[in-house]
Every structure is written in structure tokens, then in C-alpha cells.
Amino acid sequence: MVLFLYDKTFEGLLSCIFFAYAQKRFPDMILSATDQQPLFADERYVVDTDKEKASRVWSSLEKKLSKIARKMMMSVWISGLPETEMLLFRYIRKNLDHPQGVELNFGDADVLRVKEIAQQISREAHRIVQFVRFQETADGIWFAPIAPRYNMLPVVVNHFRSRYATQPWILYDTTRNRGLYWDTHTVEEVSFSPADLAELRLGKLEGEKQSDDEQLFQQIWREYFRSITIRERLNLKLQQQHMPKKYWKYLTELQQ
Amino acid sequence: MNEKILEKLSILADAAKYDVSCASSGTSRPAVKGGIGTTTGWGICHSFTPDGRCISLFKILLTNHCIYDCAYCTNRRSNDVKRTAFTPRELAELTIAFYQRNYIEGLFLSSGVIRNPDYTMEQMLRVVKLLRDEYRFNGYIHMKAIPGASDELIAQAGRYADRMSVNLEIPSEENLKLLAPEKSYSEVFAPMRFIQQGMLESAEERKKFRSAPRFVPAGQSTQLIIGATPDSDRQILTLASALYRRPSFKRVYYSGYIPVNRGDSRLPALAAPPLVRENRLYQADWLMRFYAFNASEIVNETHPDLDLDVDPKMGWALRHPEFFPVDVNTAPYEMILRVPGIGVKSAKLIVVSRRYGRLSIPQLKKIGVVMKRAQYFIVNRELPMQTVNELTPQYVRRQVTQKQKNRAAALLQYPIEWGE
Ligand code: SF4
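Sequences listed follow chains A and B, in order.
Per numbering that gives the first Met the number 0, the first sequence starts with residue 0, numbered consecutively.
Per numbering that gives the first Met the number 0, the second sequence starts with residue 0, numbered consecutively.
Please keep in mind that the hints were generated in silico from the structure rather than gathered at the bench.
What you are looking at is a predicted structure, and each value in this text was computed from that prediction instead of being measured.
No incorrect hints appear here.
Below, a list of computed lysine-lysine pairs in the DSS-like style, where the Cα atoms sit at most 27 Å apart: (1) 249(B) / 206(B); (2) 66(A) / 7(A); (3) 63(A) / 365(B); (4) 62(A) / 50(A); (5) 344(B) / 70(A); (6) 52(A) / 62(A); (7) 114(A) / 371(B); (8) 114(A) / 344(B); (9) 93(A) / 344(B); (10) 364(B) / 347(B); (11) 50(A) / 23(A); (12) 245(A) / 203(A); (13) 347(B) / 93(A); (14) 236(A) / 365(B); (15) 245(A) / 114(A); (16) 203(A) / 3(B).
Model the full assembly from the supplied sequences, consistent with the hints where possible.
Quick look at the structure:
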């Protein structure tokens, strides 16, 4: 078994491609130096990240792959799934080896898998855009906790930045304990102390942290949600299909 | 804002809930400096009610007072219900507060008719003018055009709204006359035609001057109530397909009749709204818009109503075994699209992928083909000759309805836990 070790950067992964072709050694496994390593590797290679070589690999991909395919590769990369490295490695290799590239061959399991993961990421981005709930704080900042499966803040930031350009907001990923703060001019990274975080994870700002009207508007929204429901048509299964339970924690209309 | 608003909201949202349209698609307003909101990106639903429907827009009535007496409506003047009205300012403020919290994509404003159509339209206009001009709101606005309102008011509304709708409600003119004596098709079609004309003119203008004002950029829609009258699916789909031929028309919504006014002899006494029929109509509508089906292929003189047990595409396929089997590895896209169990997405994937080599059954499955339905209609090297022609349409119909019956039963047994 051939094992590559790299530094967990995208450029590092592209460097692995370059290394593999140059050495004619193709990995069965790609790990970072800090990952738990298998005992049974016959060959171990530590691949140094080389920006120059990485960009050469990337430009040959640019010639073969459409923008959509390259975007899908980036989605796989940010997914951080355990299969990421090997899937991208095989995907890149198949495209480099095929005269026209294989991005449209959905009969190929790797091509289809890249598309599936990209779809999962875009589905989650869509759900965040749908289910984020801002609460107005006493100091006029609009705060929204999220708990996504993947690291979605960089994916959705532009949506909220253009939509809520004039109101300062914080989008906070309570799973990863980091957030983005938009002060109406720039976006900055922020993080809260463990004590604050415990409270934030509950999804509700407490008493004096809220603006004067916040409670009332939340109550009005819950009332709206109740009134707009047609009882003769109840279909809780359908509701859950569209709005999975894992998002309910931070949904104002479903809180008491 | 205060607690009084809560009561108004509860009455007026409750009265607005039977309007099924809620979509926020078909327009693109990029952010403007100093304004709040955009409509770029996806058609976003922000929540789903326990009836499984999407909340995208703040769907609300300005008032539930009404001078008319339509048999199918809770707001009709002969009903003894609590009446109330928002002031335009209250409604604009609520919309902004909801939007800032990311509860909604925008406003869907409707109203009962107060005094006369023009007065009502003027009040509604006040709300949207406040929103756009004073609050600099740049999100989605869908407005109901009140039949009978003057062209001038509709023209003004069209410059503020993304979408406008006039509801036909009843699929045939004679039955509309029966249930809504004060309304007529000509009164409903007049604003529809005017909106279309405005849209076309604005599109022409914008070809010459990019800055020309937009008029209802997301087009118009309408709603038909299903099952309140004996109108057939053929009448309904023929009407819908005629509407879709108009360049401004984006959506027809079908709303299974809910008996809100019991004891009116002009209306059928239904135990439950005809949800399966409504669902089949949406499927048929989908076939017309995305699968290049004609209304007459879906329903005709011999089959005036949709088959409730199978979806309309399956229904068509079973009536036309001579089209099948289709070879997925060689047939044109349009034919593949007609195979039950293959949707637009998987049809596209099949057509691009087969250039690399023949697709096997497991590959088709992975691509998203529902083999349970498709197996009777396709050929592939590996497939035995067990298509709809050998097995007969009757046999296939039994096979596919068996499975669906079980599913439907599971849905009905689902416990109801919402509400009091
Ligand atoms: S005009 Fe509209 S609100 Fe008035 S009774 Fe008829 S359907 Fe209801």
C-alpha cells in the first residue's frame, strides 16, 4: 500500500498529484501528518506543498474542466469528508488522463460522487439561507446562530452581505465556535468565550441582551405561523421532509 | 407595534391562508445602496407549516371586510366573522421587521374588497409605496389585482410589484356566476390582459433604455379552486394551458376546495379537501411546463379526468404502449423524458453520460432513475423483455398502484398533533 502524507491544504493536494505523476507512484491513501497512520503502509511519501507545481496542475485542470466542475471540486474540498482526498485524487487523475476530460460521464462512480457531494453542500447552503433567524440585540446587532454539518460560513456570507447590507449582523456557527461579523462595511471573524457559547447554543438571547421589540416580534411571528396553517390539510411528514428536525432548534416559530 | 397587532395579524393571516400561491421566483432585484433586501438567488422558502406548505412570502390581507358574497370564501359579507384591518403603515412595518429577521422573502398582499375596487387598490398601493419608497425595501412583492380596479391603479401597482395575480377561482364561467354572482370572467380577464400588455411594453422599452422602469418582472399567476364545482380536469387543464400560452403567465395554482362555509347548497359537502386530485393536477401542470406535454395528451374526451391512482405521466404511458420500450442508450432526449420514473435531471444526465459508453442498470439507478416504474418502459442490453407490451398495460398498472396504495395509507395514518 502506498501512502502520501500532505499538509491538508488544497495546494498540498495538487502537489500530491504532481508528485505522483513525476514519480509514477500513485497513492492508495492520502493523509495529513497529524492523522492516525496505518501500520501496514509499504511505501510512505511525505509530499511537500509547492505552490508553483500546484498551480501547474490547476491550470491543466482549467483547460479540461468547466467552471461548474471546478466549483464542484471545491465543494468536495470544503466538505472535509474522510473520502475527500482520494476522491479528488481519482477525479483529477481521470480527467487528466482522458483526452477530453470525464466531467460529464455520470456513469462513472467518482464523477457521480463528486456531483453528489457538491449537491449536499449546495443543499445545506440553501437550508441555511432559508432557516437562519436573526434576533435583534440590545446594541442593535442582528444575531443568528447556525449549526451546519459542513463549514458553511464562507459559502453563504455573500448572500447575507448583499441582502442585509445596511444592518450589522453576526452569523455564528455554534458547532465550530466561530462566526462572521458584518459591521455594514467589512466582514470579520469573531468567536465567543465558552461561557457565552453555552448560552448561544440554546439559540435564544436572554432578557436584557435583546432589543425592546424583539420578544414581541418573535411572538407575532409565531402567531402568524400558527394562523397561516390550514388544519384540514395537516401533513407533518411533508413538513419534516422540507424542514428537517435538526434545524428546528434555532427556528423562532418552533420555539416556545 | 403593540399587542393589538397580534389580534389583527391572527385574523388576517387566518383569512389569507387559503390563497395557495406563495412563490417568490422569477425576478432578480440586485441589492441597491442604502436599501434592504434583494431577490437574487434561489426561490427561498423560509419555513414550512404543519400542513407542509412553504412560507416564502408574508401572505396577508389588508382587511377581511368585503362587500362581495362569494360562496367559497370565509370573508364574504354574509359570514358572521370578526372583521379588522391593518393600516398601511402597520403592514409595512411588520413586513420590514419580518424581513430583517430572515423570516420571509417579501410580501404577498391581498385584500377583501372595501367600498369599491378602486378604493381597495389604492389602500394596497399605499402599503407597497411605503415599503419601496420610504423603507427602501428591495425584496419581493406579490400583489393581488382587484378585478374592477381602474387601469391607472393597476399600472401603478405594476411598477411596484414583482408579480401580480388575479384569481380566476372557478374553472368555468357558468359556475363562477353561480358561486360568485358579483364577479365575471370578463372582469377577471380585463386586468390580466392589462398586466400582460404592461409587461410587454416595459420589455420593449427596456430593450431601448436599460433604465426604463420594470413592470411586474416576475409575471402573473392565478389560482383555481378544485372540487367546489363539477368542472372536469379536462376543463381545468385546457384553461391552464391556454393561460400558459400568454407570454406573461408564469404559474397556475390549484387549490383543493376546503368547505369553509358549510350549509351553502350551491357547494358540495366534502368530508376532506380533494388533495390527491390537487396533487395530480400539479403533476399534470408540471408535464405541460417541463416535459413538453399538451393538455390534450394528458386529458381528452375519452379520459376527461386524471387517474387518481397513477401519476399523469404513467397514465399517458399506459395508454400509449406503442411508444415503448425506449432504448435509453440511443433514444432522443424528448423520448427519454417521457419514460415514467425518469425526471428532467436524470434524463439530462443520461444523455450526456452515454457518450462515454453504454449505461448499465446499476448506473441508471445511481443517476436517479426510479427503476420500479421505469423498468416496464425501457430497454437495455441487460434487461429481460418484460416491458409494458409483453406484460400488458393492465398488469403494469396493477403493479405500480399496489405500491402507491401502501404509501398513501401510511401517510393517512400519520398522527395529527398540531394545534389545540
Ligand atoms: S371578493 Fe374576494 S374576499 Fe370578497 S368574498 Fe369574494 S373571494 Fe372573498
